Amino acid sequence: MNAPFTPWPEDIAADYRDQGLWTGEPFSLLLERLAAKHGDRVAVTDGDCWLSYESLLERSRRVAAGLHQRGLRPGDIVVMQAANTSEYLVVLFALFRLGVAPVCALPAHREAEIGYFAEHTKAAAYLHPGGAEYDRIAASLDVTHVWTVEQAAKTYADPAGLPPAPRGGDLALLQLSGGSTGVPKLIPRTHDDYLYSVRVAAEVCELTPATVYLCALPVAHNFPLSSPGVLGVLYAGGTVVMAPDPSPDTVFPLIVSEGVTMTAVVPALALTWLRAAEARGAELPSLEVLQVGGARLGDADAERVTPVLGAKLQQVFGMAEGLVCYTRLDDPFATVCATQGRPASEADEVRIVDDADEPVPEGHSGHLLTRGPYTIRGYYRADAHNATAFTSDGFYRTGDLVRRTETGHLIVTGRAKEQINRGGEKIATAEIEEHLRTHPGIHDAALVAVPDDALGERACAFCVTDGELTAKQVRAHLRGRGLAAYKIPDLVRFVASLPRTPVGKIDKNRLKESVNL
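Numbering (full-length UniProt numbering), first residue to last: 1 to 517.
Hints were generated in silico from the structure; no laboratory data involved. The structure displayed is predicted, hence computed values, not measured ones. Note that beta-carbon positions come from the ideal geometry of N, C-alpha and C, so glycine has one too. Worth double-checking, as some hints may not be accurate.
Unchecked claim - Pairwise CB distance ranges, derived in the manner of DEER restraints:
1) Asp383 with Asp249: 42 to 50 Å
2) Ala384 with Arg500: 24 to 32 Å
3) Ile12 with Gly467: 51 to 59 Å
Between the sequences and the hints, there should be enough to build the whole structure, so can you do that?
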């Protein structure tokens, strides 16, 4: 039985099928095709362990049978929390084959998030990385089964008794929303829509069997999982290299030893890699493409990627709810550095509207609304929220503010909820943060609103720096970049790091609470 989620209207779903966007093929049958085509080619490696396409298929089928023998049934949901290992893919494809949908929990999640996921989905099992901390989480849950991912990956049985494979319209997995606060909402993705997003991403990113992809971010994130991520690389017949952590000390040697051609990072990590490469004179000759997504990369930092790392930059802007935009590998340099790409599919529908949902003039900034063959129609068991998060005709309100160029590329100008209203003047936090990061002594920055009796709100800048810097110097730097006076932060605070939510976003609520007025 499918989990409760909003389906696409049947006439629209039929149109997607007629166009060949949805093929009805689940991920388990895709893996069978890939194994038949690529055989003993290396599919995934992590350190000394590697699996061919044939091995990945065989192991995942045996694990599916083992988990079925242990009590999991088609239609069940499990909370899966795992590190970057080859075993993750074995278990993931086993669950796909069994028709069991994993909640893609992240390693940073703890009792609050895992408990919510398990309760909200009535999960049948909890799969975790192992260790006392995760054992403690497991003890707090009301689930029937608890296994480490390693145990699950070695739970074998004869696959002859497996139930029929799921269908394309069945629930494949539950991704997590990227909201900046609170417990993430659950995003239901079917085999049809998720596999289409993987397929079109692989095409846009020009993946081939020669692609060697380093998974440096936590693999359960939508970005490294499917945009194109590990699933896109497997779809193309390439090789996935799992990195245990994203530090330069770990990934730079891996890129060299494994001949990595492509990887994906968030802007803060991109800056860390750039600084490390410059300091060490690191050479990464095999690296052809560095994807940057998850937040906007400043124009000045974007311009440094190719000179410093020797790789093409590909900007990626999207959401686990669906729409993903990419700069193309043959886009002009200026377009790659200054935009966040254009929609992956011609079937993606985009509206840019004002506060009244009326279209803004072309080239003006507005609220981004979207729908399409891989953008959900509603969150999992969230009717009240869905009523405001989606329009009556099925467009998802992303919460992003964007403007569209003449070429159809989008430029992210901020978040609808991340504007500061300073005495009637609107300040886009993303704009000021980008300017702050251009200072050589500022490694990361965040701008938040704080209450003010006279102005309503004032702006407070949090700057990550490892040197001596004063608020006066920060303001002088911003004035030197030509910013209007009202955009200069009223308050400046210096911190060693920025707090993050469990999904890796900057926790601006915690920053606001820390301001001592």
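Verification of the supplied hints:
1. Judged by the Cβ atoms, the range 42 to 50 Å given for Asp383 and Asp249 holds: they are separated by roughly 47 Å.
2. Distance hint check for Ala384 and Arg500: the Cβ-Cβ separation is about 27 Å, which falls inside the suggested range of 24 to 32 Å.
3. In this structure, Ile12 and Gly467 meet the distance hint of 51 to 59 Å, their C-beta atoms being roughly 55 Å apart.
Violation of the numbered hints given earlier is absent; every hint is satisfied by the structure.
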